[in-house]
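Protein chains in written order, with the working numbering: chain A, 951 to 1067; chain B, 56 to 168.
Since the hints were derived computationally from the structure, they do not count as laboratory data.
Just so it is clear, the structure is predicted and the values come from calculations on it, not from any experiment.
Each residue gets a CB set at the ideal place from its N, CA and C atoms; glycine is no exception.
A portion of the hints provided could be inaccurate.
Said to hold, decoys possible - With beta-carbon atoms standing in for the labels, derived distance ranges:
| hint | chain 1 | residue 1 | chain 2 | residue 2 | range |
| --- | --- | --- | --- | --- | --- |
| 1 | B | Pro168 | A | Ala1022 | 43 to 51 Å |
| 2 | A | Gln992 | B | Asp84 | 22 to 30 Å |
| 3 | A | Arg1063 | B | Glu163 | 15 to 23 Å |
| 4 | A | Thr1065 | B | Val139 | 26 to 34 Å |
| 5 | B | Val69 | A | Asp977 | 32 to 40 Å |
| 6 | B | Gly117 | A | Leu976 | 24 to 32 Å |
| 7 | A | Gly1011 | B | Thr75 | 31 to 39 Å |
| 8 | A | Pro990 | B | Ala62 | 15 to 23 Å |
| 9 | A | Arg1063 | B | Asp84 | 30 to 38 Å |
As the list claims (entries may be wrong) - One-sided and incomplete, this derived list gives chain A residues near chain B with beta-carbon spacing under 10 Å:
| hint | residue |
| --- | --- |
| 10 | Ser959 |
| 11 | Leu994 |
| 12 | Phe1058 |
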Amino acid sequence: GAVVSQHPSWVICKSGTSVKIECRSLDFQATTMFWYRQFPKQSLMLMATSNEGSKATYEQGVEKDKFLINHASLTLSTLTVTSAHPEDSSFYICSANTGTSHTDTQYFGPGTRLTVL
Amino acid sequence: AQKVTQAQTEISVVEKEDVTLDCVYETRDTTYYLFWYKQPPSGELVFLIRRNSFDEQNEISGRYSWNFQKSTSSFNFTITASQVVDSAVYFCALYGEGGKLIFGQGTELSVKP
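Construct the complete structure from the given sequences, taking the supplied hints into account.
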C-alpha cells in the first residue's frame, strides 16, 4: 500500500518551454501532497505544500509564478515549471500523506529528473 | 530551531559488516516524529521507520534496528550483516513545525562485496 507515482520519470526540454510533472497517489487519497527539489549529493528541499481544492503554500524563496502547483483531486497533484531555464534542472520529488494529520507518514514518488538545455 | 544532523557524509563497509548511521535532532516540541528513509541509486525514497517521541523502545526489523534515545536526542540506525543491496543514501527526518519534514543531509552508504 501507500504507492505514489510520478510522470514522467525524466524529461529533457529546451530553455523557455514549460514542463508539467504529475504526482498520483495510487491506492489512497491524499489531502496533502508535497513537492521537493533535490540537487546532486544534497538533501531534499521542500518547495511547496499542496492541499486538495486550495492554493498551494510555497516555501520562502520559491517563485510561485514559476512553479505552478495544482491539486485538483485527492489523487493528483501537478507541478508545472514555466519558462524553464538550465538552473531549473534538478530532481523533483513529490510525496503524499496517507492520513489527514500533518504528522502522518509521507510516502514518496520515484522522482522526475528534469534537464533543461 | 528544528534541525537534523547526520554527521557521517559517507560510509564504506565490506559486505557482512555491521554499520551504524548516526542521527541527532533538535526540537523544542514535546511531541514529535522521527523517520528514516532510504534512497537507492534509482532515486525513490523508501520509508523505513516512523517513531514518535513517546515511544523510546528500540525497534528491530530483520537486519535493521533503530536506537532512539531522547536523553541524547539521537535516533541511530544499525544495519547488521550489511549487503551490497543496502548501498544507498539514508536520510533521517523530523516532523517539524507546520507539518514540514525536516531532513538531515543524508549518509551515503557503500557496501562493497
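Against the structure, the hints come out as follows:
Between Pro168/B and Ala1022/A, the C-beta spacing of about 48 Å keeps the proposed range 43 to 51 Å intact. Taking 22 to 30 Å as the suggested C-beta distance range, the pair Gln992/A and Asp84/B conforms, at roughly 26 Å. Roughly 18 Å separates the CB atoms of Arg1063/A and Glu163/B, a value that falls within the hinted 15 to 23 Å. Taking the beta carbon of each, Thr1065/A and Val139/B are about 29 Å apart, inside 26 to 34 Å as hinted.
At about 39 Å, the beta-carbon gap between Val69/B and Asp977/A stays in the expected band of 32 to 40 Å. Judged by the Cβ atoms, the range 24 to 32 Å given for Gly117/B and Leu976/A holds: they are separated by roughly 26 Å. At about 35 Å, the beta-carbon gap between Gly1011/A and Thr75/B stays in the expected band of 31 to 39 Å. Range check, Pro990/A to Ala62/B: Cβ separation about 20 Å, and the 15 to 23 Å hint holds.
Evaluation of the 30 to 38 Å hint for Arg1063/A and Asp84/B yields a pass: the beta carbon distance comes to about 35 Å. Nearest Cβ of chain B to the Cβ of Ser959/A: about 9 Å, under the 10 Å cut. The hint holds. Against a cut-off of 10 Å between C-beta atoms, the interface hint on Leu994/A holds, since the closest Cβ of chain B lies about 5 Å away. About 4 Å separates the beta-carbon of Phe1058/A from the nearest beta-carbon of chain B, less than 10 Å, and the hint is met.
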